[in-house]
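Using the sequences and the hints, build the whole thing.
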Amino acid sequence: MFVTDIRKEFYDVVVNQRVALFVSPDIDALCACKVLQALFHCDQVQYTLVPVAGWQDLGTAFMEHKEQYQYFVLINCGANVDLLETLQPEEDSVFFICDTHRPADVVNVYNDTQIKLLIKQDDDLGVPSYDDIFRDDEEDEEGDGDDSGNESDGSAEPSGKRRRYDEDALERRIERQRARREWEARRREILFDYEQYEFHGTSAALVMFELAWVMSKDTKDMLWWSVIGVTDQWIHDKIPHMKYVTDIATLQRHVSRHNHRNEDEENSLSIDCMRITFEYDLRLVLYQHWSLYESICNSCYTSCSFKLWSINGQKKLQEFLADMGLPLKQVRQKFNSMDMTIKENLREVIEESANKFSMKDIRVQTFAVHFGFKNRFLASDVVHAAAALLENVEKDETPTDNFIKALDCLSRSNLERLHLGIDLAKKKLKAIQQTVASCICTNLILSQGPFLYCHLLEGTPDVKLFSKPLALTLLCKYLLKTFVCSTRNKRCKILPLIMAAPLDVEKGTVIVLGIPPESETSDKKNFFGRAFEKAAESTSSRTLHDHFDTSVIELKMEDRGKFLDALITLLS
Amino acid sequence: ISFCLHNMNEAKTEGKSELIPSIKFRHSCLLRNQRCIAAYLYDRLLRIRALRWEYGSVLPTTIRFHMCAEEMEWFNQYKKSLATYMRSIGGEEGLDITQDMKPPKSLYIQVRCLKDHGEFEIDDGTVILLKKNSQHFLPRWKCEQLIRQGVLEHVIS
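Going line by line, the protein sequences match chains A and B. For what it's worth, UniProt numbering labels the leading residue of the first sequence as 1, then goes sequentially. For what it's worth, UniProt numbering labels the leading residue of the second sequence as 1, then goes sequentially.
Keep in mind that the hints were calculated from the coordinates and are not lab data. Wrong hints could be hidden among the right ones.
To be verified - Okay, derived cross-link-like pairs now, BS3-like style, lysine-lysine, Cα gap no bigger than 27 Å in a straight line:
hint, chain 1, residue 1, chain 2, residue 2
1, B, K115, A, K405
2, A, K316, A, K360
3, A, K427, A, K307
4, A, K374, A, K329
5, A, K66, B, K131
6, A, K66, B, K132
7, A, K556, A, K395
8, A, K315, A, K477
9, A, K524, A, K493
10, A, K315, A, K426
11, A, K507, B, K132
12, A, K525, A, K562
13, A, K220, B, K105
14, A, K464, A, K395
15, A, K217, B, K105
16, A, K329, A, K427
17, B, K132, A, K405
18, A, K316, A, K329
19, A, K316, A, K334
20, B, K105, B, K131
21, A, K343, A, K430
22, B, K105, A, K405
23, A, K405, B, K131
24, A, K464, B, K132
25, A, K490, A, K360
26, B, K131, A, K395
27, A, K427, A, K464
28, A, K66, B, K115
29, B, K132, A, K395
30, A, K493, A, K534
31, A, K395, B, K115
32, A, K66, B, K142
33, A, K334, A, K374
34, B, K142, A, K405
35, A, K315, A, K343
36, A, K477, A, K360
37, A, K507, A, K395
38, A, K120, A, K525
39, B, K142, B, K132
Right, dumping it as structure tokens:
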């Protein structure tokens, strides 16, 4: 069931208990986890935190902890599948699910006792009403029983009347069965419509922050974490731009509330205190920690607009820089070492020139944090750094090790880790750009009819990076945007993209991911989850639907061909 | 020393007084060895005493393997003496001074598990599963022992 008063029904219930926290590996979940941990530390609630990478991990973790804990909090996992069926818990286990995955499974929504969904009543939930999906079977049986009862009663009557009774009873029964079949057909249709598209709701970090705010225990750290959570949803393409802007507006109110003290000149805060500011900043990834030139080359928006994989594109970039009057030497330097005169009006200068080159949205609303003289980070910087740490393939570390490192980098006291994350993110972005350029130049994207398909071969440089879902999502998104900019085929511009990358060479598996078509007003609703399931079933391919995002699956190399064929038939 | 004197007397009576320096030399060597051994044994005792503070009343078998019976005896006596002392201070229940070796900053601390330790039972009966990379928020006194053993790591954020 949906929780209406999150404080009374969730926090006050767990505050005197020991809780098990299961957290999924994405940045929004990490931020929500940090906010909740801070609240728990404040109220001294004992908890155990276990990172879970997929459904199997969740099942194992639940089995291990079900004896010791009664209350479980799941962050960014568990809402879109019938949880009681999957985990088979005892009667007294209670699950609090704070998950952005939609649609929420109907069993989870209508269960009154064990499942509590910590979800804001978004407008677009669209859960079917109870009577449309659930029906007491007993009514039918009673009805039949009455009929047979009537029949047996009627046996005492003369045979004429009895025949009439029989006919009536039979008619009623046929009528009921027909109505029931109709109801079931309608139910299937409703459920199909409801569960067809997968999308994401409000950030879990924002939900947790609002809980903290309701209890007046919110701090700037928690606010910053919720900013990072919302920004992560936007960067990894989980929410449409309108929703991002709405969420930013909500956060802006909180930020101005927290910044109220700064304006008082007598009691101004020391430079070491944390300040969050609203910025209308450039959409150039990591530009303050890199050189401006590198950032322009490796940001998806600019790279697509200039078409930087072609020679013409490089020329256009030079023109752009010349138009702004920025010397090449300055632009290739580290941003912090650029001339102050250039840095002063940089944003406005870039915006003006960008408008001339038909890049209207070079600036985007976001937040930045300052603490101390040296440390200034934009929300997107932190998201990229944390994502790079979370999916680090450089050293052979387990996913849980990476989870811990990424969780640590979100604290202000672990700046070296954050800087390490930024370096890894730079490498990742460069790898993405190079892969995109090579895919476009070698025409690796093929149109299969109802969708576009791209397969990364094993020998591709940095292909290990793309065996992880977040990195592969970014690559997919950039590739689709670039393809749409570069192709002349109008039909192909509205197709979705499926991408396959090698996952484990020894086991011969690939990771397959599908994203919806690229458009300005896309609502980011993804139908590939159901499509993958159906295609796997119909061809009995060996797939593993382990990720919490149903649009990401693992597949055996050999079954790739028939799986794709099934998808083509399914989607045409 | 008496043995030395006895030897020296023997040497004098037998008329081999040139042996007296070598007797003295040997004797001082023996004394030196005796001092070294005593220092070594004393150092061992000090370390065994420190083990009580580090590991608690039950020593792991790997350590007990390296101790001789007399040292175990000494350890038990030390344990008893420490326990008697702890019972005598702090009112009726006594005071466990092996807890809180450093001044605590908070009642509850966040710890991270560094290796798989299996299930850990706390005094009030609750069981916690310590798996690698899981994090827990527990009362300080329950975790101190494990932090000292290196199973848990105190996380400061």
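Pairwise hint evaluation, A/K405 against B/K115, where the allowed Cα distance is 27 Å at most
16 Å, holds
### Task
For the pair we were handed, B/K142 and A/K405, check the Cα-Cα distance against 27 Å.
Measuring from Cα to Cα gives roughly 25 Å; hence the hint holds.
- Item | Agreement of A/K525 and A/K562 with the hint, judged by alpha carbon distance not exceeding 27 Å | 25 Å, holds
query = Taking 27 Å as the top limit, are the C-alpha atoms of A/K490 and A/K360 close enough?
reply = Within the cut-off at roughly 22 Å; holds.
Requested in this report: Compare the distance between the alpha carbons of A/K66 and B/K132 with 27 Å, and conclude whether the hinted pair is satisfied.
Outcome: 18 Å, holds
Keeping to a limit of 27 Å between CA atoms, is the pair of A/K315 and A/K477 held or broken? Roughly 25 Å separates the two Cα atoms, so the pair holds.
Check the hint pairing A/K464 with B/K132 against an upper bound of 27 Å on the C-alpha distance. 25 Å, holds
**OP:** For the pair we were handed, B/K131 and A/K395, check the Cα-Cα distance against 27 Å.
**Re:** Roughly 21 Å separates the two Cα atoms, so the pair holds.
Can you confirm whether the C-alpha distance between A/K524 and A/K493 stays at or below 27 Å? Measuring from Cα to Cα gives roughly 16 Å; hence the hint holds.
* Mind checking the alpha carbons of A/K329 and A/K427 for me, to see if they're no more than 27 Å apart? => Judged against 27 Å, a Cα distance of about 22 Å means the pair holds.
(Q) Next pair to validate is B/K142 with B/K132; report whether the Cα-Cα distance is within 27 Å. (A) Judged against 27 Å, a Cα distance of about 18 Å means the pair holds.
Quiz item: Given the proposed pairing of A/K120 with A/K525, does the C-alpha separation stay at or below 27 Å?
Solution: 19 Å, holds
Against the hints set out earlier in the document, no violation occurs for any number.
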